[in-house]
Amino acid sequence: MDTTSLTIPELRQKLSSGAIRPREVVDQLATRVADVDPKLRAYLQLDVEKARTAADAADITKPLGGVPIAIKDVINVQGDPCTCASKILDGYIAPYDATVITKLREAGAVLFGRTNMDEFAMGSSTENSSWGSTRNPWDLDRIPGGSSGGSAAAVGGHEAFAALGTDTGGSIRQPAALCSCVGLKPTYGRVSRYGLTAFASSLDQIGTFTKTVEEAALLLEIIAGHDPRDNTSIDRPVPKYTQSLHQGVKGLRLGVPKEYFIKGIDPEVEKAVRDAIDEYKKQGAEIVEVSLPHTQYAVAVYYIIATAECSANLARFDGVRYGKRAQNPKDILDMYGRTRAEGFGAEVKRRIILGTYVLSSGYYDAYYNRAQKVRQLIGGDFRLAFEKCDALLTPTSPTAAFKIGERTADPLQMYLADIFTIAVNLAGICGVSIPCGFTTNKLPIGLQIIGPKWGEETMLRVAHAYEQATPWHKEKPPL
Amino acid sequence: MSTTPLTAADYEVVIGLEVHCQLKTNTKMFCGCKNEFGGASNSHVCPVCLGLPGVLPVPNEEAIVKTLLTGEMLGCQIATRCKFDRKNYFYPDMPKNYQISQYDEPLCLGGAVTLDLLAYPKDAQKDPATVIDKPIRLTRIHLEEDVAKSFHFDDGTSGIDFNRAGTPLMEIVSEADMASAEEAFAYLSALKQIFVYGGVSDADMEKGQMRCDVNISIRPRGQKEYGTKCELKNLNSISGVRRAIKYEIARQIDVLGSGGTIRQETRRWDDDKGETTLMRVKEKAHDYRYFPEPDIQAVRTDHGLYDRAKERMPELPSAKKVRLTEKFGVSAYQAGVLAADAALADYFEKAAAPKPANGAAVANFLLNDFLATATGENPIPSLAPHFFGELAELSASGQINSKQAKEVFAQMFVTGRSPAVLVAELGLAQVSDVGALEAFCDQAIAANPKSVADFKAGKQNAVNALKGQVMKLSKGTANPQLVGDILVRKLSA
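Which chain is which? The protein sequence lines are A and B, in order.
If you count the first sequence from 1, position 127 lands on 127 in this note's numbering, and the numbers rise without skipping.
If you count the second sequence from 1, position 29 lands on 29 in this note's numbering, and the numbers rise without skipping.
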């Protein structure tokens with residue numbers, strides 16, 4: 001019996017009944033990884049012995065007892081390397097667990113490997129990784145999306161049951177759409193950021209990659225919650241998301257923002273999403289047209305705020321206390337300069353320079369300050385829209401997966417990959433991408449469902465209703 | 001325009017001080033590490049204060065309350081919310097290469113430090129030019145985290161101890177209201193007293209618990225525009241600050257007097273050499289790219305924190321002085337000395353409380369006898385307060401005279417036995433029996449005809465020699481007041 005394509009509830013059932021032991025699950029998954037990962041390159045690191053030891057000790061009475069979970073290389077796991085796909089952290093071993101890791105351990109999960117990503121979570125294709133790019137399980141010549149491309153490919157390619165990722169401007173939802181899995185970004189403050197190497201402090205959230213919506217709900221129950229170590233995490237009870245999934249969408253109002261159906265979307269993507277909207281109509285939801293008028297500013301606002309915050313967050317990588325240090329520096333400035341020049345990739349440098357610029361004296365008001373004000377307007381758009389509807393439906397990505405190398409020469413083109421996901425982070429609300437079809441050349445298409453702050457229950461319920469009425473989540477890539 | 005070189009008297013000095021004060025909290029500003037001096041290097045550290053990847057700051061409420069209390073004690077306007085900002089710059093003692101500080105919304109604005117006479121150095125206290133109770137206005141007080149400590153070794157390498165990194169620091173910026181080195185000295189003494197009173201810091205400069213940078217410029221008397229200012233650093237004691245400022249004033253006068261101009265510089269004070277030397281020329285302000293700290297939510301101070309601070313308001317030195325003079329009858333000067341040290345004032349009150357009417361006597365013993373010979377910083381008697389109370393009562397009631405009291409004072413410290421017991425043991429009861437005293441006086445008069453003659457000739461002071469004789473005859477037990485009266489009566493008859 002091969003468990004690698006099972007859902008977590010199915011796996012849990014087999015573990016609880018004793019039909020399989022946790023160690024065997026790990027072994028099967030490791031075999032699958034050995035089999036397909038040379039092609040996918042989703043994993044940066046996998047210590048199978050360590051996973052087996054953890055599996056042997058797993059408490060299968062716990063909600064995730066014996067379930068292997070892959071971790072994006074930006075989240076700190078004690079004793080494991082944490083490179084954030086950057087040369088500057090080559091060799092760095094995390095001395096502590098992120099809060100989400102503690103929660104996974106407490107739930108009995110078996111930590112299974114570290115997945116590839118764009119360096120320091122900056123990118124939309126995982127081509128910015130210092131360790132080589134990951135491939136899309138549906139077409140090995142194409143990108144899996146980014147920045148959590150490794151996690152998306154692993155789950156989409158059935159070499160992980162689930163994976164943690166992070167989403168700052170779409171880095172979970174976009175790769176989930178491109179790899180045909182469920183990618184969830186919670187409301188800002190829902191999940192602790194303690195232990196997440198920071199990119200943009202006011203935008204980052206840890207979220208999940210799973211094959212189904214139910215599994216996303218299950219994992220969110222485990223990782224969500226207030227953390228005294230994270231002052232931005234909100235003290236609010238965590239609902240039992242798995243228990244509110246099955247209510248259907250009859251009577252719900254689902255908003256379709258007109259600014260998200262613009263020229264430039266791949267027509268096959270638009271068709272798939274429109275068909276999904278029709279499905280919701282069939283299921284009894286009321287479809288409402290809404291407007292989010294400040295959508296056009298979202299990418300610009302994001303690239304001012306996120307870069308400003310990251311320019312400060314990445315200042316700590318200086319070779320003084322940990323990580324790589326330039327050899328034979330002649331003085332402190334030389335040490336700083338060469339350490340960072342040698343350690344950071346081009347996109348990271350680009351964003352640090354941009355972020356430093358927008359914060360600098362004389363420009364702060366014109367850029368950073370102004371961007372924060374427009375951010376408030378973007379948040380206002382969603383608040384108004386949610387007075388008219390319970391959740392929003394949009395495409396996740398304007399196109400399906402593009403080819404490796406196709407957009408690397410033009411950073412701005414790359415930035416536009418996030419055009420539908422970015423505003424959600426700026427507003428601090430929740431979003432999930434679920435599979436909603438394939439292009440004629442069998443590339444996955446994602447449907448994004450957006451909920452208001454703390455609206456995960458509604459959002460997941462809406463997602464689940466569509467998923468259960470469609471075959472997409474059962475498709476397996478031809479690896 | 002005069003062609004003669006200007007002298008010191010022709011200049012006005014303008015001084016502002018920037019003080020950093022280490023707050024006495026249990027833990028650091030943004031993590032749970034111990035806020036403790038000493039300890040093996042890098043022993044009070046954790047991922048947060050080391051700036052490791054993935055860590056987040058969580059503000060120390062106690063540090064906020066202590067800062068609010070300081071603002072309250074200094075009469076500041078208190079902000080209704082506490083917000084932090086990132087101050088960005090690279091240096092090896094900065095774990096994150098940004099410091100979490102406060103930029104445009106400091107916790108406290110305005111306020112003032114009043115320069116009480118006793119805050120001045122002793123020689124300046126007697127100077128009639130010293131302005132009593134001059135208020136030095138404050139610009140602001142804000143909260144931030146301290147940086148690590150760098151060590152530079154002989155082999156050219158450097159080491160960093162992160163024990164200090166992340167400890168809470170309160171920054172107090174004054175207006176340029178000080179006009180002399182003595183006023184700066186008094187400002188720092190007065191500030192230290194406030195910090196100690198409020199329990200917010202021990203503020204010992206030599207331990208680095210209070211640090212001070214001086215901004216100083218001079219201008220010709222009467223000129224409205226400020227002169228170019230220089231910043232002085234590496235000041236390690238309050239008296240060092242005074243010395244450094246005196247030197248710098250002389251230096252600047254010298255430069256201007258010989259036709260030169262002052263360049264805006266940061267200068268390092270060398271206390272051993274007694275001079276300031278150029279550290280760096282200040283060309284333009286460093287761009288710190290301040291922006292609001294996204295990892296910490298702004299917190300309202302009016303939802304409980306300010307109330308907690310107000311509950312801790314101590315009786316301030318000025319109020320204590322008034323109360324001590326009114327309740328215990330001590331002089332204004334004595335009240336000032338007592339109030340300068342909260343623990344000493346507390347000791348005094350315990351000693352004088354059973355009989356407030358003896359307050360002045362208790363104060364005398366405490367200030368004149370105890371403090372005169374006690375060693376160490378801010379000494380408090382090792383004996384229980386009631387020793388002083390008892391001694392004061394014995395003396396005030398005339399059971400022992402002042403000389404005997406001094407003997408008992410010394411003995412009580414040596415033996416630890418109470419004054420009443422010592423008086424009995426040493427047989428020191430003062431003789432006030434008129435008959436006995438008359439006998440001694442007759443003896444002394446008979447034995448000292450010259451003094452008698454001098455007195456009768458008009459030299460009133462001659463009676464003192466006779467008094468001394470009586471004290472000798474009585475082995476120091478005679479009541480000197482009565483002896484004096486009896487002698488004068490007899491000699492005038």
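Calculated directly from the structure, the hints in this document are not laboratory data.
Quick caveat: nothing in here was measured; it's all calculated off a predicted structure.
Watch out, some of these pointers could steer you wrong.
[To be verified] No more than 35 Å apart at the CA atoms, straight line, and that leaves these computed lysine-lysine pairs for DSBU-like:
hint, chain 1, residue 1, chain 2, residue 2
1, B, Lys149, A, Lys330
2, B, Lys273, A, Lys330
3, A, Lys87, B, Lys149
4, B, Lys34, A, Lys324
5, B, Lys233, A, Lys330
6, B, Lys83, A, Lys453
7, A, Lys14, A, Lys62
8, B, Lys273, A, Lys324
9, A, Lys373, B, Lys284
10, B, Lys207, A, Lys87
11, B, Lys490, B, Lys122
12, B, Lys149, B, Lys24
13, B, Lys284, A, Lys330
14, A, Lys324, B, Lys284
15, B, Lys24, A, Lys349
16, A, Lys373, B, Lys355
17, A, Lys349, B, Lys207
18, A, Lys349, B, Lys83
19, B, Lys207, A, Lys330
20, A, Lys50, A, Lys62
21, B, Lys282, A, Lys330
[To be verified] Calculated from the model, a selection of chain A residues having no Cβ within reach of chain B, i.e. all distances over 10 Å:
hint, residue
22, Ser5
23, Glu106
24, Arg338
25, Ser361
For every residue, glycine included, the Cβ atom is placed at its ideal position computed from N, Cα and C.
Against the structure, the hints come out as follows:
1. B:Lys149 / A:Lys330: holds, 22 Å
2. B:Lys273 / A:Lys330: Holds - the C-alpha atoms of Lys330 (chain A) and Lys273 (chain B) are around 32 Å apart, at most 35 Å.
3. A:Lys87 / B:Lys149: holds, 29 Å
4. B:Lys34 / A:Lys324: Cα-Cα ~29 Å, so holds.
5. B:Lys233 / A:Lys330: holds, 27 Å
6. B:Lys83 / A:Lys453: Holds - the C-alpha atoms of Lys453 (chain A) and Lys83 (chain B) are around 23 Å apart, at most 35 Å.
7. A:Lys14 / A:Lys62: holds, 14 Å
8. B:Lys273 / A:Lys324: violated, 42 Å
9. A:Lys373 / B:Lys284: holds, 30 Å
10. B:Lys207 / A:Lys87: violated, 41 Å
11. B:Lys490 / B:Lys122: violated, 46 Å
12. B:Lys149 / B:Lys24: With a Cα-Cα distance of about 18 Å, the restraint between Lys149 (chain B) and Lys24 (chain B) holds, given a limit of 35 Å.
13. B:Lys284 / A:Lys330: This hinted pair holds, its Cα atoms lying about 26 Å apart.
14. A:Lys324 / B:Lys284: Holds, because 33 Å separates the two Cα atoms, which is no more than 35 Å.
15. B:Lys24 / A:Lys349: violated, 41 Å
16. A:Lys373 / B:Lys355: Not satisfied, since the Cα-Cα distance of roughly 68 Å exceeds 35 Å.
17. A:Lys349 / B:Lys207: violated, 42 Å
18. A:Lys349 / B:Lys83: Given that 35 Å is the threshold and the Cα spacing comes to 29 Å, the pair holds.
19. B:Lys207 / A:Lys330: holds, 34 Å
20. A:Lys50 / A:Lys62: Holds - the C-alpha atoms of Lys62 (chain A) and Lys50 (chain A) are around 20 Å apart, at most 35 Å.
21. B:Lys282 / A:Lys330: Distance of about 25 Å is within 35 Å: holds.
22. Ser5: holds, 33 Å
23. Glu106: holds, 19 Å
24. Arg338: At roughly 14 Å from the nearest Cβ of chain B, Arg338 (chain A) sits farther out than 10 Å, so the non-interface label holds.
25. Ser361: violated, 4 Å
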